[in-house]
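**Q** Chain by chain, the residues run as shown.
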Amino acid sequence: MAELKAGSAPGPQRSRPLSPHLQIYRPMLTMTMSIVHRVTGAALYFGILLLAWWLVAAASGPNAYANVEWFMGTLIGRVVLFGYTWALLHHMLGGIRHLIWDTLHGMEPSERELLTLATLVGSVSLTLVVWVVGYLAMGGPR
Amino acid sequence: MSGQRQNELRTAARRVRGLGAARSGTKDFWHQRVTSVAGIPLTIALIVIVIALLGRSHAAVVQILGSPLVAVIMLLFILNSVYHMWIGMQEIILDYVHEDKSKFLSLMANTFFVIAVGLACAFAILKLSFGV
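Residue numbers (this note's numbering), protein chains in the order written: chain A, 4 to 145; chain B, 25 to 156.
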């Protein structure tokens, strides 16, 4: 009741009791991965510009395409591309997890922790697999 | 059932003005689910296509990207992705941007961005396919 008394000043300025917000909760894996799902989605939103650049360059001609190939070959290009690969796979696996939850399966505490951990482990391992296969397809790192 | 629905509390005038629930409140939610399901095989296909094109010459890339099956898969990926992106970014904007002016400007920018990116990608693929 003390809170009510403290906030009893009249007018719109009176302080009202607030419901607890994010900062009072202990950070949990499911919560973190929910945020990461949104962050990777936002990153992919802008990351699609890479795909657009690649496609438009291929349609424009050999010189434009050589520029894309040059950039993707630089250290920054490789890091961006690696990050894009991980974000894409993580967002896809996170999406599959949300689709499973949409069917009301996997909602028990242990199940949802396991599913969430699986998306993280899965996205990191799949990214590495994709890059190893990619390098093999190119005939080794260049 | 005839024109006037049973248990209809709204007057005809209210209905004509289009006020009240639009009855489309779950549209974005559902379309986001549909595009996410479609996105799973399309994303896997995109990764396979990109890996297959790594290190190839420009001429080879043009030929493969322009072949009907690859071009159709790429077009599906692009169209599906930009719609999924549009809903997702709209949701992010509505969550965090509350001031009217910046909210409507960012919602518009979202639409312009996805249409521009989608059209650029689709045009490039079609150009590669038709070879003009």
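Note that these hints are calculated values from the structure, not bench results.
Here a beta-carbon is modelled for each residue, glycine too, at the ideal position from N, C-alpha and C.
Each hint should be verified, as a subset may be incorrect.
Claimed, not checked - Reference excerpt, derived from the structure (chain A facing chain B, CB under 7 Å, subset only):
#, residue
1, LEU58
2, TYR68
3, VAL71
4, GLY98
5, VAL133
6, VAL136
**Q** If a hint holds in the structure, say so; if it does not, say that too.
**A** For each hint, the structure was consulted:
A distance limit of 7 Å between C-beta atoms decides the matter here; for LEU58/A the minimum to chain B is near 4 Å, and the interface restraint holds. Given the 7 Å rule on beta carbons, the hint for TYR68/A holds: about 4 Å separates it from the nearest Cβ of chain B. Hint on VAL71/A is violated. Least Cβ distance to chain B is approximately 10 Å, over the 7 Å limit. Because the smallest distance between the Cβ of GLY98/A and any Cβ of chain B comes to about 5 Å, under 7 Å, the interface hint for this residue holds.
Evaluation of the VAL133/A hint against chain B yields a held restraint, the C-beta minimum of about 6 Å falling below 7 Å. Look at VAL136/A: its Cβ gets to within about 6 Å of chain B, closer than 7 Å, so that hint holds up.
Going through the hint list in order, the structure does not satisfy hint 3, though it satisfies all others.
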